[in-house]
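**Student:** What follows is the residue order along each chain.
There are 4 protein chains.
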Amino acid sequence: MYGVLSKVCSQVYPTECPLKNVLIPAGILERLDAGEIVIGDGGFVFALEKRGYVKAGPWTPEAAAEHPEAVRQLHREFLRAGANVMQTFTFYASDDKLENRGNKLTFTGAQINEAACDLAREVANEGDALVAGGVSQTPSYLSCKSETDVKAIFKKQLDVFIKKNVDFLIAEYFEHVEEAVWAVEVLKETGKPVAASLCIGPEGDMHGVSPGECAVRLVKAGAQIVGINCHFDPMTCVKAVKMMKEGVEKAGLKAHYMVQPLAYHTPDCSCQGFIDLPEFPFGLEPRILTRWDMHHYAREAYNAGIRFIGGCCGFEPYHIRAVAEELATERGVLPAASEKHGSWGAGLEMHTKPWVRARARRDYWENLKPASGRPQCPSMSAPDGWGVTKGHADLMQQTEATSQDQLKKLFDRSKTH
Amino acid sequence: MYGVLSKVCSQVYPTECPLKNVLIPAGILERLDAGEIVIGDGGFVFALEKRGYVKAGPWTPEAAAEHPEAVRQLHREFLRAGANVMQTFTFYASDDKLENRGNKLTFTGAQINEAACDLAREVANEGDALVAGGVSQTPSYLSCKSETDVKAIFKKQLDVFIKKNVDFLIAEYFEHVEEAVWAVEVLKETGKPVAASLCIGPEGDMHGVSPGECAVRLVKAGAQIVGINCHFDPMTCVKAVKMMKEGVEKAGLKAHYMVQPLAYHTPDCSCQGFIDLPEFPFGLEPRILTRWDMHHYAREAYNAGIRFIGGCCGFEPYHIRAVAEELATERGVLPAASEKHGSWGAGLEMHTKPWVRARARRDYWENLKPASGRPQCPSMSAPDGWGVTKGHADLMQQTEATSQDQLKKLFDRSKTH
Amino acid sequence: MYGVLSKVCSQVYPTECPLKNVLIPAGILERLDAGEIVIGDGGFVFALEKRGYVKAGPWTPEAAAEHPEAVRQLHREFLRAGANVMQTFTFYASDDKLENRGNKLTFTGAQINEAACDLAREVANEGDALVAGGVSQTPSYLSCKSETDVKAIFKKQLDVFIKKNVDFLIAEYFEHVEEAVWAVEVLKETGKPVAASLCIGPEGDMHGVSPGECAVRLVKAGAQIVGINCHFDPMTCVKAVKMMKEGVEKAGLKAHYMVQPLAYHTPDCSCQGFIDLPEFPFGLEPRILTRWDMHHYAREAYNAGIRFIGGCCGFEPYHIRAVAEELATERGVLPAASEKHGSWGAGLEMHTKPWVRARARRDYWENLKPASGRPQCPSMSAPDGWGVTKGHADLMQQTEATSQDQLKKLFDRSKTH
Amino acid sequence: MYGVLSKVCSQVYPTECPLKNVLIPAGILERLDAGEIVIGDGGFVFALEKRGYVKAGPWTPEAAAEHPEAVRQLHREFLRAGANVMQTFTFYASDDKLENRGNKLTFTGAQINEAACDLAREVANEGDALVAGGVSQTPSYLSCKSETDVKAIFKKQLDVFIKKNVDFLIAEYFEHVEEAVWAVEVLKETGKPVAASLCIGPEGDMHGVSPGECAVRLVKAGAQIVGINCHFDPMTCVKAVKMMKEGVEKAGLKAHYMVQPLAYHTPDCSCQGFIDLPEFPFGLEPRILTRWDMHHYAREAYNAGIRFIGGCCGFEPYHIRAVAEELATERGVLPAASEKHGSWGAGLEMHTKPWVRARARRDYWENLKPASGRPQCPSMSAPDGWGVTKGHADLMQQTEATSQDQLKKLFDRSKTH
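Chains as they are written, first to last, in the working numbering: chain P, 32 to 448; chain A, 32 to 448; chain V, 32 to 448; chain S, 32 to 448.
No lab work stands behind these hints, which were simulated from the structure alone. Some hints here could point you the wrong way.
Because identical chains share one entry, a pair is satisfied inside a single copy or across any pair of copies.
[Claimed, not checked] Computed list of lysine to aspartate or glutamate pairs in DMTMM-like fashion (alpha-carbon distance at most 20 Å, straight line):
hint, residue 1, residue 2
1, Lys223, Glu61
2, Lys281, Glu157
3, Lys270, Glu97
4, Lys223, Glu361
5, Lys195, Glu244
6, Lys195, Asp149
7, Lys285, Glu61
8, Lys281, Glu397
Every value quoted in this text rests on a predicted model; they were computed, and no experiment measured them.
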């Protein structure tokens, strides 16, 4: 969505804009207010872990500074897939998280946040995309630090986002609405549009606050966009956002809605989400959604009135492309990467084998029940359920590495799979 | 494996070498003769399809010329993951395939092959890797063109490989050993080392020639390395290579062995491989191997006496990294990307949640039976079995696009899933 | 539980008792009031269908008159398995059901009900068991007949039960609490103890009345025992009975509780229960519970405070034996048939093969996750959901057979599996 | 098939025949020579274990003497289901097995064998059925007793069969063809027709003798009917019988063929059959075949040229009825129990619910993929593979019970599931 409001580049980049008097992308709220669909990007930590640039466990985003070419390439792939939002790769880039449990990094938090902003802006400028600066839940909150301490952590990341002039802000991946409200309160002070996204399901946050009530609190704190990301599969997330919408409307409030779910099927999750599944994080492969699952998701999200539709952990560029293709009519545009994808399998018309050409049709793929190829594996797991949440001793963070003794106690406690 | 034979750069790049008198990587045969393990890379067409640069159906590699940054990045990720071989992204880059069934490309075959060589070389030079120029089966063969015609097609790609001075050659993805022998005969004329890899399983090639007999014919034709790639899962491919080895040894011949399987579980395949599975190519997600499956594969391949161990369709960089990590002791080196991966889940020691830290141990991941999250899906499929092979009218290729009438006949013939 | 109240035979069989002054079994309420566990029997229609004496579709019990030896044998097997209740095989033995949709029977309803009472009494007298006369939901109710009409139908069966002097009465398998209340009102007039059992799950009856509210209405109508039978698997039924208990206690009422679930796993049911599953009734085999599942069920039911614990469709005698074995300590007795069953697999100590002897232990069987042997089948189905209930034209009953035209309309409407 | 050869009753029962000059059933060979289909019965030990009369572990048939009404009833159910053969319930009724490992019985082998013959004859006379006296493999053979010793054991059972004048003899459930040959040699001496049935699969007997070679040895020893029973699912057994047929025909011999498989799906068995599956014997429920699976089996067996088609462990009367219904046209008769079964689900036309009436059609049931209702269970298991066979110390039998010390060693050796 370009330039409907005739903003010019010089307003946004007053001192350094290389282009004069050209149309620039409309802002996030202008798009949503106009009823536009905004496609989000996918999760970076999981995608870059598979590519070799993020370490599972700490899940920190130092690659933005350390291996910028890899981060830039992933941004580009999501842009080509149709994403209108480039989230800065700043997940878990708060200083307390970067130094947690022996994670020895050679970059400061500020360096990582700055590099991430530059990469997101560089690629956003290559297409119709906005840059969103993101903050996420902190070890400090789980360790029962004060509101002042936690807010100071958000503020530090925010200083970089303002300096780099991101287009809007996202507070995402919060398990406790209380911390998310604190984050929104900090982000609001900038005057930028604020989105707030919890990683909860229909059962509500870790303190048992329902999705509807969570949404009300976030809107009251100043978030213009509220929703759900991560932790659950697309249909579960859409269901939880619906509950948020009902809560907001019942309270006589207004908001826009966003959803950025996992690309993993999680019918067997408890309230803690996929973290509790025994397959997390190194055995999730059989749960990965197909592109056809994504078509279904995009349609359901759209029908639920959600207009900011993206992805989180597990999403690869082709998943976002499928979302964009499903909504191509409504958006009036196909993503760039569809140059390499026949809609609903049409590219198979060019396959050398006749029985594969016979699959070049929508009803084939819509009705397929894909096999796992794993006859000795089940279709559902029993999630762990340690019942540990904010304030529990086991959640207290530490800068030194987890000791062998600490590990042994955990191993003994863990059930054997 | 560097420079044991004191070769110098100037011998390899006599006219244009930017470095004088430095050690260069040992060749493929020197490594294998010395008992070294050579790690291959993963398949490019599937990985780049997911990233938005390759079209499923034609599966042609024009991205080498069209989107070089994406191809370069994937090469780099495999290099970081431990690969010692950068295969030129020239799969299906023969002119007869590039123009098959209405695939309108803006690049010539020569342009694509040249660009692919340059990218492979550029990245290979960043680490301990060799460049392998690859040819694969042709539509011409399936359409019953003559030996002369088919060989001319290989020759055309080969001219580029020689000009670009690749380190060795691979004839791969052949369903009929007859065509593979023709390819080997052409490749042999260059004097470069030649590897030959069929996409067959234990049941043999599409004409019913057993793996053992196939291997004998390839060795007699001049291949120094023989093996299996694509079409079947790792354990099935290892089994087929074992049969090749038995055949070669029984015939009193000698060879090195390679294996580059799918990263998909395929216990339900017939002799045609995963092409026949109803999930091919857009519903294979639940079959993707975990990194722990890859450890198992790497060990089995090694124990079978295979020393060129890589991957094909479905392999992502972390899969190759798992192969390299499993064989780290034997190879004496961890891959670069292991900076971002704790062996056997050790990185989870840094996770914020205690029950996830409890998974930071080998026995947990070795024994996990990962759930599909798809309770309405089966664990095995019934493969298509059209029984169509070389010479059948349905396999005759055409330059014009498949017509609606041709498609309708195929749809009617196809069973509904 | 024999004779704690010193009742004598002559009180029960005033004119025909063959024994004088002997102790007779205590009544159902005396047992439950004393805190005893009462084991129910299993479902007869499914068990006898497999043996060749009941027709799936009409599911009528004419075998009581037609093949008494088969019905007697099944009673005996449940008695040997530990059952304390012999339910008369009078399910669907109301005249309106017997003549429904072209079911041509050569016996009258009265003949069937009388024969069933005689068989139940004959076998009950062979052990520690009571005879329960049972009525169930009527086609008349589904066809919107009046309360007077429906009650007249129950009355007709009841006349036989009184004549045959059953020990207590059960109104079971009701989908609508309204009809069950009518049944209880009729049964209460006899002065016999009355149990009322609905075939509903946690979502409530077909009119949306919650289990708790259903139970309250039944108790107020005069039922001393309330509970759930059929339609759902054991754990779901136990859950629904818990909700009943909570409802009754919240209302300040008192009752005993019963549960007689399916012996089929039904995690994928909607509110209509297993009738909606595509496998009903001829493809349910993979869902059959093992004896170990039954141990788990018996313990859960007991822990929930349920004391009348039996089974319904799918239960075979060994399932009831497993219930009785699990509660052997609490009941102070092992069932007769345990002469042929080592507890927790102990009989395998006598197996000829050592690896089978190695399975003669509780932890082996408790932890087993039994495979289906059906890799091309899913683990869950999508239930039919026609949304048709009382009053809908499709539920109107007719005495003539379903016509070909009626069938065709149904086939067209049905989804294809 | 009655009386085509005009035999009269007085020839068979010379002294005690209650009927004079009436037609009697034709013998087994006359039927098979005439091309008739002979339907066998199902396995008694598993069916009676579920009913409470046989102990899993020893699996001995004392119920014939102890609970004759239960055995008689099961015979009747199989007769009604269409069985033409009543096998005497004498499986494992050899004296060495009856006293094995502490199995304390109050009946002698002779008493059990006699009672079993009487029951089979009584029910056979109620319909068109023959009585077959059966012997099976002995602990003595597994314990390496001599040919003389083993033959003496068979001879002892045989004396009863001759005294009771059974119609023909079956040597069944042999894992080693050597022992089966010994059995046939003993049975042949009686002059009665002899059938020989091994419990092996396509991989051959426990000594590695192929099915084809096994069949040749049995035919040469004098068996007129050869085949397979138990241990594998129907399709696997049919495949193995086909191999037997090919072997016999290749050797220029002639025979009739029989098959009596499990009613359990066993795609994951090794050569030892279902004994090796972790679910044996108390967790096999999810593997039970549906009646529709049985239709498929009956057709395949018929198409393979097998004419004696029955069942073994897991078969319930309705399974045999399905076999008889599938072959009703070829046999010219429906079984008696089909009075209670509409072909291909036709009885559902009378169901009260319209969506169940919509299932009253063949294509519905033929295409159903029944769900297990067990999302946490796999579809295949890893069989035990202890590699223990005849002669191994662990197979030596003993009359005293397995000791706690012996058990402990086995438990330690067993893998944990």
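**Student:** Could you figure out if Lys270 and Glu97 sit no more than 20 Å apart (CA to CA) within one copy, between two copies, both or neither?
**Tutor:** neither (38 Å within a copy, 41 Å between copies)
**Student:** Tell me, please, which holds for Lys285 and Glu61 at an alpha-carbon limit of 20 Å: within, between, both or neither?
**Tutor:** Within one copy only: 15 Å inside a chain, 62 Å across chains, cut-off 20 Å.
**Student:** State whether the alpha carbon distance between Lys223 and Glu361 is at most 20 Å within one copy, between copies, both, or neither.
**Tutor:** Answer is neither; intra-copy 27 Å and inter-copy 55 Å both fail.
**Student:** One pair to classify: Lys223 and Glu61, alpha carbons no more than 20 Å apart. Within, between, both, or neither?
**Tutor:** Close inside one copy (13 Å), not across copies (61 Å); limit 20 Å.
**Student:** Classify it for me, Lys281 with Glu157: is the Cα-Cα distance of at most 20 Å met within a copy, between copies, both or neither?
**Tutor:** Classified as neither; 41 Å inside a copy, 60 Å across copies.
**Student:** I want to check one pair: Lys281 and Glu397. Are their C-alpha atoms no more than 20 Å apart within a copy, between two copies, both, or neither?
**Tutor:** neither (36 Å within a copy, 48 Å between copies)
**Student:** Given a CA cutoff of 20 Å, do Lys195 and Glu244 count as a within-copy pair, a between-copy pair, both, or neither?
**Tutor:** neither (34 Å within a copy, 61 Å between copies)
**Student:** Classify it for me, Lys195 with Asp149: is the Cα-Cα distance of at most 20 Å met within a copy, between copies, both or neither?
**Tutor:** within (7 Å within a copy, 37 Å between copies)
Checked against the numbered hints above, the structure violates hints 2, 3, 4, 5, 8; every other hint is satisfied.
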